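These protein sequence lines are chains G and Z, in that order. Last residue of the first sequence: 466 (numbering that gives the first Met the number 0), numbering continuous. Last residue of the second sequence: 279 (numbering that gives the first Met the number 0), numbering continuous.
Treat the hints with care, since some could be wrong.
DSS-like cross-link-like pairs, simulated, lysine-lysine; straight-line CA separation at most 30 Å [stated by the list, open to error]:
1. G/Lys82 to G/Lys369
2. Z/Lys214 to G/Lys115
3. G/Lys459 to Z/Lys62
Estimated spans, in silico, between C-beta atoms of each pair [to be verified]:
4. G/Asn85 to Z/Thr41: 28 to 36 Å
5. G/Glu209 to Z/Ile131: 32 to 40 Å
6. Z/Phe121 to G/Asp381: 39 to 47 Å
From the derived model, a few chain Z residues whose C-beta atoms are all more than 12 Å from chain G [claimed, not checked]:
7. Phe45
8. Thr81
9. Val84
10. Phe95
11. Ser96
12. Leu174
13. Ala178
14. Ile192
15. Gly211
16. Ile261
17. Leu272
18. Glu276
Keep in mind the hints are simulated off the structure, nothing from the lab. In this text, all values refer to a predicted model and were calculated from it rather than measured experimentally. The beta carbon of each residue, even a glycine, is placed where N, CA and C say it ideally should be.
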Amino acid sequence: MKKYLIILLVLVFSISILGIGVGCKEEAAPEEEEAVEETAEEEAPAEEEEEAEEAPAEEEAAEEVSMESVEKLTVWYNPDAPKEINMLADGFQEKTGIEVEVVTIPAPFPSTVLTKWAADERPDILNWHTGVNRLYEVRAEETLQDLSDMEFVDKTLNNYLDATSLDGKCYGTMLVEPVLIGVWYNKEVFERAGINMPADTPVGYDGLLELMKKLKDAGEVPMYSGGGDTWTLQIIPILMLTEVFNNTDIGNELNTNQTTYTDERIVQAFEKLKEIHDMGYVNDDFLSATFVDQQEKLWNGDAAMVPQVGALGNAIFANQEGDISDVIGYFPLSETGNMNVLSFSTGNITMYAPKTGDPAQELAAREFIKYATSEGYQAVLDSTGSQPMLEGFTGPADRPQYKVEAYGTLDDYPSGQGWNSFVIPSYGPLPAYLSELVAGTKTAEEVGAAMQLDHEASAKEIGLEGF
Amino acid sequence: MKERDYKGFLIIPALLFVFTFYLLPNILNFIYAFTDWSVFKTEINFVGIQNFIELSQRGEIWKDLLITLEYGLLVMILINLTNLVLALALERTCLFSRIMRTVFFIPVLIAPLAAGYIFKGFFGSSGIVADIFNINLLGSMRYALFATIFVHIWKFMGVGLLVYIAGLNSVPEDLIEYARIEGANEFQIIKNIKIPLIGPSLTFNIALSMIGGLKVFDTVLAMTQGGPARSTEVLNIFILQNFATGRLGYTTAVSLILFLVIFIIAIPVIIFLRKREVEL
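Same shape as in the complex, but just chain Z (with noise of 0.2 Å):
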């Protein structure tokens, strides 16, 4: 066998690790959601859309989904606006915008379960903020969502600052010079060459901010349990209360419809910037 021919067979333990890990519990998620898997059962029976028409007829899904997408929306202009504002300050390296970087960064290194817990010390009825500002931000229906999304957007601003910045400083500075030349101010140059420039970044960032905003758990898990009265429920803590029901057929159809809608959301939108992207 020539050598080329190796290398083929070399990849095999890397495949079988991919679809065991990876692959098959991707498809394991689509499978169980047709199905009657149950803890008071021993046999795992098809019954078709049978899960899916029960979670429609209830309906607490939809509300659920609801309060899923406004966090996964806010979390995703939020995050990137205040990224892109921070990004344009710290462009430049120098000591103070390498501090800046790192205390922007520490918090991605902190558990989400801690962070949560941290600030639910801070935004609860005997917290800080309450103290301050005479409002119980957790038990608040109104503000708890946003309560929770501020927290996210604190924990993770952190990886999509570097990325900007490395974006703009990939911004050849010789276009830059020549705006300037010609009269170009700040905001022009920020709108008409930065901007369009670090499309890349803006495409991973946007992409990446949705999908950890849908996929959501661990932080509001630890700051409200889906709390006040359910109004920030979003579907991973939905799956997780219906998981201890004991009825897990039913429960995987949510992870699945979850699944199912990053994937109808993130798709397009990563499609429609992948276009608008400009290239050098």
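Next up, chain G with everything else stripped away, as it sits in the complex (with noise of 0.2 Å):
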């Protein structure tokens, strides 16, 4: 009996070795394909004209692929963006009768999106956030369809690509208007302390300090700030920020080992931070209040600004009934100006199309996109309510007034993207780092050193030159 016992022990082991070996070689299949995809490529001469005349035969290629056998699309949803894409998920099965399934990842929906990702899982479209890390996280140039040559590429307004776009190629596409990030006021308490908007309109962080000592001495509170939810306070840095990184190199100097996070031109962002504390301009509990604290208090007029993303004003118009403009304003902010930031995430409605190794999903997949951006795109529209982010469509007409009064802000005052969109390397938690600062147990040059070691770490695994 012992013996055998000892025979059906090995034999376990030996069989659980082999289901793990052989699930790892299934997995490692569209990889070593894409691996000799590679080598052809490497082994091609790499001239750009001979690399011109490859694309129409790609193409071809791509043409003798049928849609026929596939039957479903899975899309990979973040749960805080837009529920619009069901919509588009049933107008798609209608014309093709490819059923769309919409998964919604659980939060926290970049890690478990990545930790998904590093175990060679993919969907057909993926919702994932914008900017040049984002798509160096999840290896675009290796794991995303390049949609170069779709036709919403050359439809698509203003820079608005540059954000799903990596060296030349564009990944993805956007379909809703981008978040702005500013201040959001309440107009209520700025009259009672004697302020008139627009003309009042700080300028710059100096501003921004005459403001809020007006606002303090009239006994109101200037600002809400909302450190229970750390994430929270790292919109003053990226306010602070945006001037910096839209019109000078410091994110390929970051990028590059060129300059680290305890430059002088990001220091002064965490200390700005710091002084709003410590010189009494935000609530007491700063340490534990929320982002829906920010809301209620700017709505109630128990608070004079919150420096939010788009979100905020959102969650108070769905909140309350009616227009909520003639109480809740918005301005943009930055370093010496208004520079407004434009926050291209998840939210935007992003679709990218990963490699999935199986060219009649890939195939559908695109269709799917191409669809979403030309016979579905007005339905989407009227139901966010968004401008229009490529040509040949409208906005809706009946458009919420504070919203109109944000966006308006876009033809008065330049705009950028944030800082860490211009960022490859990841730079650690940062709202922690931040938490830390406001409560006096981190110094500003403190939080860049810490964010530059793991910046540091970070760059040497993507393998970055100049680390």
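Hints in hand, dock the two standalone chains.
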């Protein structure tokens, strides 16, 4: 009996190991194919002209692939992103007969997706963040289809496609206008303190300090800080870093190790966040107050301003009846002026088409994106109330007034992308560092130094030159 | 083949299950901690103890380790003291005792995250505690950890309480009667008879509460997310934050440290308590 048991255990162990091995092999197969393709590409002449000649041949090959065998497309979706994806899924199914299953990835969305990504799991369509760092995170060149030849690319307005492009290739599309990051304020509180908007719109950080002093002297809480939700502490640094990252080459300097996060041009942003808290311009409970508290206090007039993303205005609008623009206003703010920060995220209904290794599925995924950016698009605009991101479509006529006012600032002031979309490596848990900063257990320089350590370690892992 | 030989083969599915879902993840946890596994890379390479060197150089983990130990220790002491007192009070089986046991057990059935969010409302800046005592527990770097410990104890004490009551009910009634006849008072009976005889319950409860405390995650996440200013940042919150940076090997090293800490503390405690158990 003992002998049998020993044989049994060895057998179980072997089968398990074998099972794992087979699983790995099956998953590795598409990678091997890609490796073969990559080798073939390397062997091919590198001249651009010849590469251009190869493109039509590839298109022809793609045309031979049929979607007939495709029964279902899977979409990985951020639970916080707009639900209009379901509208597109239904429309596409009606048109093609292909079912589109929208799988909501549980929070925390980014790390859950990245974990699946690391395990070589891929959907047909991925709702993923934008920005160069986020594209590096999913190894875009290797894992995502290049969508540069699709129709929506030429139709996309402004410079919006920069957010989903890397090294000149477009990997994704966005359907909803970018979110604005700036300062939301209570018009009634401003009026009480004798501040007339838009004439008294503060210019730069110095202007903000003056405004806050005036509000404090009038007995108001100038700014409501929500450090209990630590991510909210990032907003002031985002505002204070927008100019330097959009107007100089500092992002590239960080990516190539020519400068560090202890650079005075970066540290100043953290110092300003600290200064606002130290000068008593924020609520006393800033270490535990939350994003929801920010909405309530601003709406009730218990605080004059909240630096926040557009979600703040949207949340207040969703919880109140009618027009909120009588009470809530918005102005952009940056280090020395009023540059608007455009935030592109999963909330913009971003869509990428991962390489799944199945040509038919990949083709169907591109068809879905084509549908979403052509015949299915107007319904999305009508439902979300967004201005179009593509030429040839119209935004809704009855836009909420608070949105009209906020987005109207894009006509009056310059705009740029958030600082972190310029940086490739990750920079550690910044919200946690900032909570230590405002509590006084870390200095602004120490925040920069901590970020730098994470930045360097991450850059080495990515294999960036200069590290 | 004889009948008894067949029985051996019947355990194959169960063994496969155990190996794949219990043993393998733990083995991988050991292995990945020594690699550069990262979302940015396709390959996984062994890097020796590089992750551990970086962690110790950064220093942040030591602070979080101390917070975790403080949390685990306080939970273990407070939950067992409370449970012992309550178990002695509710030891007798009567209607009141049954109702109270149920009341104390109800929180066990509530999801830890839900419990965390409920108490976040009570202890937060606009909660009832702040209204009455004018103190924002969750905004205080001094008290926030104690607030989370309180919720942990409230949430999990029901299990230990039932174990203690079961232990106390197994103490022979005649022993207590003899002691009473000999003139022992209630305190002496508890100290010299009941406590020594519920040794196995003590071992079980102390070990389980300490391991539960050291592994805490959800209640802290719901109540403070490790704040204010990382004053309640236990190791599992540290893992969560670093996991989002995409450095999976580095983060797995932290989880291995947590595993080793629990192992190093729990095993000697269990051995010590087992030796002190009194056999009837």
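Against the structure, the hints:
Only pairs whose Cα atoms come within 30 Å are accepted, and G/Lys82 paired with G/Lys369 is accepted, the gap being roughly 19 Å. For the suggested pair Z/Lys214 and G/Lys115, the alpha carbons sit about 24 Å apart, so the restraint of at most 30 Å is met. Distance restraint check for G/Lys459 and Z/Lys62: the Cα-Cα separation of roughly 26 Å lies within the 30 Å cut-off, and the hinted pair is therefore satisfied. Between G/Asn85 and Z/Thr41 the C-beta distance comes to about 33 Å, which sits within the given range of 28 to 36 Å.
In this structure the supplied range 32 to 40 Å holds for G/Glu209 paired with Z/Ile131, their Cβ-Cβ distance being about 39 Å. Between Z/Phe121 and G/Asp381 the beta carbons are some 43 Å apart, a value that agrees with the proposed interval 39 to 47 Å. Distance to chain G confirms Z/Phe45 as a non-interface residue, since its nearest Cβ pair spans about 14 Å, more than 12 Å. Interface exclusion of Z/Thr81 from chain G stands, the closest Cβ pair being 26 Å apart, more than 12 Å.
With a closest Cβ-Cβ approach of about 32 Å to chain G, Z/Val84 is found to remain outside the 12 Å limit, as its non-interface label requires. Non-interface call for Z/Phe95 relative to chain G: holds, since the shortest CB-CB distance, roughly 39 Å, exceeds 12 Å. A cut-off of 12 Å between C-beta atoms confirms that Z/Ser96 is not in contact with chain G; the least separation is 39 Å. At roughly 44 Å, the least C-beta separation between Z/Leu174 and chain G is larger than 12 Å, which holds for a residue marked as non-interface.
A cut-off of 12 Å between C-beta atoms confirms that Z/Ala178 is not in contact with chain G; the least separation is 50 Å. Once the 12 Å rule is applied to beta carbons, Z/Ile192 is consistent with being away from chain G; the minimum gap is 45 Å. Listed as outside the interface, Z/Gly211 is consistent with that label: its C-beta sits roughly 23 Å from the nearest C-beta of chain G, beyond the 12 Å cut-off. With a closest Cβ-Cβ approach of about 23 Å to chain G, Z/Ile261 is found to remain outside the 12 Å limit, as its non-interface label requires.
At roughly 33 Å from the closest C-beta of chain G, the C-beta of Z/Leu272 stays outside 12 Å, upholding its exclusion from the interface. Every CB of chain G lies more than 12 Å from the CB of Z/Glu276, the least distance being 32 Å, so the non-interface label holds.
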